[in-house]
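**Student:** With this note's numbering applied, the first sequence covers 77 to 570.
No wet-lab data here; the hints were simulated from the structure.
Mixed in with the good hints there might be a few duds.
[Said to hold, decoys possible] BS3-like cross-link-like pairs, simulated, lysine-lysine; straight-line CA separation at most 27 angstroms:
| hint | residue 1 | residue 2 |
| --- | --- | --- |
| 1 | Lys536 | Lys570 |
| 2 | Lys409 | Lys568 |
| 3 | Lys347 | Lys329 |
| 4 | Lys165 | Lys229 |
| 5 | Lys233 | Lys329 |
| 6 | Lys148 | Lys347 |
| 7 | Lys364 | Lys554 |
| 8 | Lys570 | Lys364 |
| 9 | Lys165 | Lys350 |
| 10 | Lys296 | Lys261 |
| 11 | Lys329 | Lys165 |
| 12 | Lys229 | Lys329 |
| 13 | Lys148 | Lys130 |
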Amino acid sequence: MELFNTLTGRVEPLTPSDGATFRMYACGPTVYDYGHIGNFRTFIHVDTLRRYLKQIGMPVRHVMNVTDVDDKIIRNASAAGMDIAAYSKRFEGAFFEDMESLGLERPEVVPHATDNIPEMVSLIERLRDQDIAYQAEDGSWYFRIAKFPDYGKLSKKDFDGIEDGARVDVDEYEKDAARDFALWKAVKNDSNGVREHSWETSLGAGRPGWHIECSAMASKYLGDTFDLHAGGEDLMFPHHENEIAQSESATHKQFALHWMHVRFLLVEGRKMSKSEGNFYTLRDLLLKGHRASAIRFLLMSVPYRHQLNFTFDGLAESTSAVERLRTFAARMKGTFPAGINEELAAATAKALAGYDAALSNDLNTAEARAAIFDLVRAGNVAADAGALRAENATEILAVLQRFDGVFAVLQDRDAEITRSALDWAEQSGRINEASAELLATLSFTDADIDALVTERTHAKKSRNFARADAIRKELLEKGILLEDSKDGVRWKRK
RNA sequence: GCACCGAUGGCGAAGUGGCUAACGCGCUGGUCUGCAAAACCAGUAUUCAUGGGUUCAAAUCCCAUUCGGUGCUCCA
Numbered sequence: 077m078e079l080f081n082t083l084t085g086r087v088e089p090l091t092p093s094d095g096a097t098f099r100m101y102a103c104g105p106t107v108y109d110y111g112h113i114g115n116f117r118t119f120i121h122v123d124t125l126r127r128y129l130k131q132i133g134m135p136v137r138h139v140m141n142v143t144d145v146d147d148k149i150i151r152n153a154s155a156a157g158m159d160i161a162a163y164s165k166r167f168e169g170a171f172f173e174d175m176e177s178l179g180l181e182r183p184e185v186v187p188h189a190t191d192n193i194p195e196m197v198s199l200i201e202r203l204r205d206q207d208i209a210y211q212a213e214d215g216s217w218y219f220r221i222a223k224f225p226d227y228g229k230l231s232k233k234d235f236d237g238i239e240d241g242a243r244v245d246v247d248e249y250e251k252d253a254a255r256d257f258a259l260w261k262a263v264k265n266d267s268n269g270v271r272e273h274s275w276e277t278s279l280g281a282g283r284p285g286w287h288i289e290c291s292a293m294a295s296k297y298l299g300d301t302f303d304l305h306a307g308g309e310d311l312m313f314p315h316h317e318n319e320i321a322q323s324e325s326a327t328h329k330q331f332a333l334h335w336m337h338v339r340f341l342l343v344e345g346r347k348m349s350k351s352e353g354n355f356y357t358l359r360d361l362l363l364k365g366h367r368a369s370a371i372r373f374l375l376m377s378v379p380y381r382h383q384l385n386f387t388f389d390g391l392a393e394s395t396s397a398v399e400r401l402r403t404f405a406a407r408m409k410g411t412f413p414a415g416i417n418e419e420l421a422a423a424t425a426k427a428l429a430g431y432d433a434a435l436s437n438d439l440n441t442a443e444a445r446a447a448i449f450d451l452v453r454a455g456n457v458a459a460d461a462g463a464l465r466a467e468n469a470t471e472i473l474a475v476l477q478r479f480d481g482v483f484a485v486l487q488d489r490d491a492e493i494t495r496s497a498l499d500w501a502e503q504s505g506r507i508n509e510a511s512a513e514l515l516a517t518l519s520f521t522d523a524d525i526d527a528l529v530t531e532r533t534h535a536k537k538s539r540n541f542a543r544a545d546a547i548r549k550e551l552l553e554k555g556i557l558l559e560d561s562k563d564g565v566r567w568k569r570k
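Please work from the sequences and hints to get the whole structure.
**Tutor:** Structure follows, in structure tokens:
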């Protein structure tokens, strides 16, 4: 398994440096609002990595922090008249529900910033003892970048010479140098004159800076040096650069050996932003009637190092693609004559090899996807020609299983997920955001559908095709598709 | 402004020196079907933003131009 390493600029092998468990850290969510599809693209690719590593037999210890104290949380919580713990818990709960909807595995360790304040303080103390951390007039502590010559090695920035000239004062007056970043923010009053949430520590009353959280939690749960650190491309600078500076200054050891950065997505060709009106949370999409599986498949179809242009056409495409995979998997579960078709067995083996080669090569999900569709076509051709044998079906199902261990779209949980999204919308007074078609479809229970399907079958038997077609049409208008097959009628929600 | 990344069919997208340029979606025609759907078959880029260069050989390497994105500031 090889993966591009931002630090070295090369594709390099991934192995557990302790010879046993692969230790990885991913910057998790700041829980101040609902997660958007850009957040989830990053988390999905990190999940793809962890799923594939496990699949090739590498035990994984994956740590993802939850940032439950920061400026936005403090601001939003105070606006909502809540304390920060209650406020962040609410969005953290929503975040994990969304992860579940998108088929993301829960990391082995999910530490919270507010549970690790002593660790952060002691890390800052170590820096203070080396004169790398210093306290400004307002009581805040900063990191002295001039003391870390390697600063910029991850983002490939050269700060020599820029530093002196860049001493723009503006509101940076307390700092020794403009680039120095906050380790500990001294407590202050908010705009209403209310004292902000803070912790009393040896550094004075205040709260941790964002960067120190990850440094402290990564070393606490993974050790001073660990195998991989991942995050969105925007975190490379300054966040990850600062983590390296803090941790390596404190420990004098290399921090993360490998760095993975997931590129941003565009929405309809433009950067996703609230002002562009193209900003979508997962819940927004579910309420519009898009399926969780299609969203997942689209987000992971484009390899992590390329920009993904998220479009509604793309979402429709992914819906069809997932449907095709599911239809095929169901077909392979049928009964076939005993024996094996060697030609098809060879195609099956080739698909499996292609899938592994693709993911092993810097997590090329697009190529892995292609290998699977090659298998779908080969299997369908053989089945149509009556050349599919029982052993082939078993083998194919095993390959699909392996594929789904990473892609995780075969099991259909879509209706269930959409229903919970609707429940949530109802409870939070946002049901008006749900699409009319979706509500119409879901107003039909499975029993209602089955009754109509049965009636149609009787109509067909008595060759009353007009009635049969009318029922089919009625169901289609409610978003339900019928398929007549030799084994009876199958229906599915559009 | 400085730095970095990208541009492949109707759309998404793989491919980074040499097999007929993967795969998915869509579209057109056919098979199957009472009709559909699903599935299959055939067709759907002589060509990889534009211009120049290197090479026996370029989508792939080099230079320039145009367009798009990102970082330099909170951001996945």
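**Student:** Check whether the Cα positions of lysine 148 and lysine 347 lie no farther apart than 27 angstroms.
**Tutor:** holds, 22 angstroms
**Student:** When you check the alpha-carbon spacing of lysine 536 and lysine 570, does it fall within 27 angstroms?
**Tutor:** holds, 23 angstroms
**Student:** Assess, step by step, whether the Cα of lysine 570 is no farther than 27 angstroms from the Cα of lysine 364, and give holds or violated.
**Tutor:** Given that 27 angstroms is the threshold and the Cα spacing comes to 13 angstroms, the pair holds.
**Student:** Would you check the hint for lysine 165 and lysine 350, treating anything up to 27 angstroms between C-alpha atoms as holding?
**Tutor:** It holds: about 24 angstroms lies between the C-alpha atoms, which stays within 27 angstroms.
**Student:** Can the restraint linking lysine 364 and lysine 554 be considered satisfied, given a maximum Cα separation of 27 angstroms?
**Tutor:** holds, 15 angstroms
**Student:** Against the 27 angstroms threshold, does the CA-CA distance of lysine 296 and lysine 261 hold or violate the hint?
**Tutor:** holds, 22 angstroms
**Student:** Going straight from one Cα to the other, do lysine 329 and lysine 165 come out at no more than 27 angstroms?
**Tutor:** violated, 35 angstroms
**Student:** Does lysine 229 sit within 27 angstroms of lysine 165, going by the straight-line distance between their CA atoms?
**Tutor:** violated, 36 angstroms
**Student:** Tell me if the straight-line CA distance from lysine 229 to lysine 329 falls inside 27 angstroms.
**Tutor:** OK: lysine 229 and lysine 329 at ~15 angstroms, within 27 angstroms.
**Student:** Starting from lysine 409, check that the Cα of lysine 568 is at most 27 angstroms away, please.
**Tutor:** holds, 18 angstroms
**Student:** Lysine 148 and lysine 130 were given as a pair; does the straight-line alpha-carbon distance stay at or below 27 angstroms?
**Tutor:** Between lysine 148 and lysine 130 the Cα gap is close to 36 angstroms, so the pair fails against 27 angstroms, i.e. violated.
**Student:** Against the 27 angstroms threshold, does the CA-CA distance of lysine 233 and lysine 329 hold or violate the hint?
**Tutor:** Holds. Lysine 233 to lysine 329 sits at ~21 angstroms (cutoff 27 angstroms).
When held up to the earlier numbered hints, the structure conflicts with 3, 4, 11 and 13 and fits the remainder.
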